[in-house]
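Could you put together the complete structure from these sequences and hints?
Those protein sequence lines, which keep their order, are chains A and B.
So that you can map any letter, position 282 of the first sequence is 492 in the numbering used here, and since no number is skipped, the others follow by simple counting.
So that you can map any letter, position 8 of the second sequence is 23 in the numbering used here, and since no number is skipped, the others follow by simple counting.
For the record, the hints were derived by calculation from the structure and aren't laboratory data.
Values in this document were obtained by computation on a predicted structure and should not be read as measured data.
Some hints here could point you the wrong way.
Unchecked claim - Calculated lysine to aspartate or glutamate pairs in the EDC-like style (CA-CA distance at most 16 Å, straight line):
| id | chain 1 | residue 1 | chain 2 | residue 2 |
| --- | --- | --- | --- | --- |
| 1 | B | 22 | A | 297 |
| 2 | B | 102 | A | 297 |
| 3 | A | 389 | A | 407 |
| 4 | B | 26 | A | 297 |
Said to hold, decoys possible - To list a few chain B residues with every Cβ distance to chain A over 12 Å, as calculated:
| id | residue |
| --- | --- |
| 5 | 44 |
| 6 | 70 |
| 7 | 149 |
| 8 | 295 |
All C-beta atoms in this analysis are idealised placements derived from N, C-alpha and C, irrespective of residue type, glycine included.
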Amino acid sequence: MLQINHLYKSYGKFQAVSDLSLHIPKGDLFGFVGPNGAGKTTTIRMVCGLMLPNAGTIKINGVDALANQKEIKKQIGYVPDFFGVYDNLKVREYMDFYGSMYRMHSREIAQIAGDLLELVNLSDKTEVYVDTLSRGMKQRLCVARALIHNPALLVLDEPNSGLDPRARVEMKELLLNLKSMGKTIVISSHILSELSEMCNSIGIMDHGHLVAAGRIEDVMDDVFGSNQLVVTFDEGRERAVRIANEYAGVKVTSVGEKEMKLSHSMTKQEIAGMIATMIENEVVVTGFHRQEGNLETLFMRVTENAGAQEGGNDYAESNR
Amino acid sequence: MLNPIVKKDVKVQSRSMRICWGVFIYELILALAFFLAMIIMEQQIRFSTSNIYSAMVWLYPVLALTQIGILGLIVPVRTASAISGEKERQTFDIMLTTSMTAFSVVMGKVMTAMIQSMFFVIASMPVMALSFVIGGMSWGYLFGFLALALLVSLFSASIGILCSSLCKKSISAVIMSYIIYIVFFLGTFLPYLLYEVALMNAAYSTTQTTNAALTYTYGENLYLFLLVNPAVYLAEFFGRVMTGESVVNTFATLTGAHQTKGLINHVATGSRWMVISTVLFVGISFLFLWLASKRIDPIKRRAKKRAKKQMQQPDMQVIVQENIMQKPEDGQ
Ligand SMILES: Nc1ncnc2c1ncn2[C@@H]1O[C@H](COP(=O)(O)OP(=O)(O)OP(=O)(O)O)[C@@H](O)[C@H]1O
Ligand SMILES: [Mg+2]
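Here it is in structure tokens:
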């Protein structure tokens, strides 16, 4: 769906995005994560045709975005990070305004706008002035606005900034809903926990580099190395540790009062066998699960590494 | 189909209280101009035999020029803030991600400015009509004035838009617009003035008159710069309306430009000057609008060509990227 190849962008001497290559398949909800100033907004603006890259290509559905702006614009819906609305304009007129910018007929707009406002839960506000809406409502209105021309790709730049927890949940549900409708969605954020709940793939950006990208599980596996297993028990700690150590390819990484962590390279059957052996040996196993590295630690690790790699090259820093 | 920006902007503005105050102040200034003109007329008539009614025709140029002055000053302010206002809200970015081309965004803003000007001008029609009803002027000139007001607002809106596409802040855009006015009003006189000075110097320094005569033949063409001088245009317009004579023709005869072989001779005869001048003003306006639309278009045509070239020559693309990758070291 979205294919970015070797994208570069600099502001004067400052390299904001460098060698960014990314492929987002159709129907994905892609989370774009990175600390402040990582270059997320810059990348998104280039994808939406608001900025010209210094080098590299962007393809949407196989069409070169830089050479075919007209076609591409019909395929993208863009929600910027900060935006205002017009005073003295009603919600219905707001939708009508943007619809007519896509040269749609007013009857068509009215129908689609009605559906969209229902989707974003604003159907009772059509005659309200947009500047009187709450921040969360404006955000949702902007999403509805970005969908008026039925784009295949929806790009949202930090749609959750400034929203309260309730509004965030609503936004998340809205995005999941859109995903189930078959839209490809790119969402940028630095709030990781939300992304992990809804995205199925992520890209982590730091200092203009894409340091990790792919399906959420794959990225985590990559970063955390071999598989981690957590076994919890009530009694029989020594026996459990001994049994675990007997298996080849298992390394006990930490032992706590009621749990131990293993890194292993076993198949599922082997794991089941090991747990069975423990139970046979009267270890009171209360549970076991694969350790899910959470996104926060993943994020910290990945961005740390990138910092270390660039140790000698403070170019990005010195130009701030 | 109506430009969506016009539709939206006119709707939004009609709901705001600002436009009411705008019309109020506009009418107030016109009323002042009206009374001032009346007082002066009364003074004049006391010493002459003509009656007050025939003098009323002079209300037409006074009120018309007052309005054109106000429009010329206000329209750049409105257009400059129209664009920067959209930029501040980032609605400008959203607009540019839609199917709207940069040029239609610019045209939308200009058309809004023109419609708004007409709003003011039409509101003042009853006052203007006095010079027709009482002064006995021909009604055609009323439409002449409407056309002139449209041209003025097109021209000043295009200057305002161009400046606001060049400047970040709307205040600097407004100042820049006024500077461009000065260039049009005074700058277009300069070539001719310099030529006159050079001519005088030549006349003093050489005794050979042939030399001066030679420059005299072609130098008069520097008059042609005055085709885009708004003051000359207005003088020509009102001169024709009030006296039925062309100011430019008279001037050309006086200075002897009519005797020259240059282009000026053809341009300054009959109503050609007016027609060419109008065409030029419209042309310059669209040139400015086109430049402004190029400025605000994030993906410029040149860049598109480059992107296409890159696609055709993948090797070159790699080279470009390598260059960029080396940049950080260069910088250190
Ligand atoms: N117009 C600009 N001129 C110069 N530098 C810029 C400009 N826009 C962004 N930058 C720089 O480029 C870098 C990347 O900015 P960008 O806005 O893409 O970051 P971001 O990942 O979106 O950050 P945030 O999470 O704060 O939104 C920043 O260091 C910023 O200072
Ligand atoms: Mg950002």
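Least C-beta distance between residue 70 of chain B and chain A, which was stated to exceed 12 Å: Residue 70 of chain B clear of chain A: closest Cβ-Cβ about 45 Å, beyond 12 Å.
Is the nearest Cβ of chain A still more than 12 Å from the Cβ of residue 295 of chain B? holds (33 Å)
Keeping to a limit of 16 Å between CA atoms, is the pair of residue 389 of chain A and residue 407 of chain A held or broken? Given that 16 Å is the threshold and the Cα spacing comes to 13 Å, the pair holds.
Separation of residue 44 of chain B from chain A, once the least beta-carbon distance is taken, above 12 Å: holds (26 Å)
With the threshold set at 16 Å, check whether the alpha-carbon distance from residue 22 of chain B to residue 297 of chain A stays at or below it. holds (14 Å)
Distance restraint between residue 102 of chain B and residue 297 of chain A, which requires alpha-carbon spacing of 16 Å or less: The hint holds at about 15 Å.
Starting from residue 26 of chain B, check that the Cα of residue 297 of chain A is at most 16 Å away, please. The hint holds at about 11 Å.
Evaluate the condition: distance from the CB of residue 149 of chain B to the nearest CB of chain A exceeds 12 Å. holds (40 Å)
The structure shown violates none of the earlier numbered hints.
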